[in-house]
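Start counting the sequence shown at 471; every next residue gets the next number (this note's numbering).
Treat the hints with care, as some may be off.
Simulated restraints, written as ranges between beta carbons of each label pair [stated by the list, open to error]:
id, residue 1, residue 2, range
1, 472, 592, 35 to 45 Å
2, 473, 573, 39 to 49 Å
3, 501, 478, 10 to 20 Å
4, 486, 579, 19 to 29 Å
5, 485, 559, 14 to 24 Å
6, 487, 592, 25 to 35 Å
7, 531, 572, 21 to 31 Å
8, 530, 503, 33 to 43 Å
9, 474, 579, 37 to 47 Å
10, 530, 583, 32 to 42 Å
11, 544, 495, 29 to 39 Å
12, 485, 558, 11 to 21 Å
By construction, these hints were calculated from the structure, which means they are not laboratory data.
Virtual Cβ for every residue (Gly too), placed ideally from N, Cα, C.
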Amino acid sequence: MTLVQAAHLLTAHLADYDLPEPASLEVISRAHQSRLTVQVHSLTVPSIAAELLAWADTLTTVTLQAMRLPSGDRVHLSMASTLSGPAGTVEVTIFGGAGHDPALVGDLTPGGHRTVTLGELRTWATDTSHRLPRGEGVTR
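Based on the provided sequences and hints, a complete structural model is requested.
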C-alpha cells in the first residue's frame with residue numbers, strides 16, 4: 471500500500487466513524503508497506519482510555535498496552551490494529567500519554583509495559599476520581 475493510499479484509508483476511517491480529531495498523524499511507507507500512528511488529544515488516563523475505546527469500537531481486533539516511560543513520570547496507553555480497504559491492509563497504532571497514575575495503571579516500573587484488557591480500559595474510562603476539571607486536559 472502506498473503512502474497516499476494509507477493516508478486516504480485513515481482519513482476515510484476518521485470521517486466514516488466520526489472519531490475524535492487526533493493531535494497528530496504519522497504515515498510511514500517503505501517498499502509499498504505502510505504504517506499509521508495516531509496520537510490522541512487527551513492528557514489523562516481516563517480520557518485517553520475513552521478515546522481508545524471509541525477507536526476499538528471501529529476495529530475488528532485490537533491489542534492494548536500500557537508502557538511507563540523510562541523517566542518514570544508518564545505512561546503511554548496504546549492500541550495496535552489494522553485498517554483494511556480496497557488497496558489492502560495497513561497497521562495502525564493509536565496512543566496517548568498521561569502522567570503515571572499507579573492507582574489506575576498499576577505499579578509499572580520505569581521502562582516497563584504490560585498488556586491491557588478492554589475491561590480495564592472501560593474501567594479507567596469511567597473513573598471520575600482522576601479526571602481534570604471540564605475543559606482541562608484536552609488540547610484542541
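To see whether the hints hold, each was checked on the structure:
1. 472 to 592: 35 to 45 Å: Since residue 472 and residue 592 have Cβ atoms about 36 Å apart, the given range 35 to 45 Å holds.
2. 473 to 573: 39 to 49 Å: Holds - the Cβ-Cβ distance for residue 473 and residue 573, about 41 Å, lies within 39 to 49 Å.
3. 501 to 478: 10 to 20 Å: Roughly 19 Å apart at Cβ, these two residues keep to the hinted range, so it holds.
4. 486 to 579: 19 to 29 Å: Since residue 486 and residue 579 have Cβ atoms about 40 Å apart, the given range 19 to 29 Å is violated.
5. 485 to 559: 14 to 24 Å: 19 Å, holds
6. 487 to 592: 25 to 35 Å: 18 Å, violated
7. 531 to 572: 21 to 31 Å: Since the Cβ atoms of residue 531 and residue 572 sit about 29 Å apart, the hinted range of 21 to 31 Å holds.
8. 530 to 503: 33 to 43 Å: 20 Å Cβ-Cβ, so the 33 to 43 Å window is violated.
9. 474 to 579: 37 to 47 Å: Once the Cβ atoms are compared, 41 Å apart, the range 37 to 47 Å for residue 579 and residue 474 holds.
10. 530 to 583: 32 to 42 Å: About 23 Å separates the Cβ atoms of residue 530 and residue 583, which means 32 to 42 Å is violated.
11. 544 to 495: 29 to 39 Å: About 21 Å separates the Cβ atoms of residue 544 and residue 495, which means 29 to 39 Å is violated.
12. 485 to 558: 11 to 21 Å: 19 Å, holds
Violated hints, in rising order: 4, 6, 8, 10, 11; the structure is consistent with all others.
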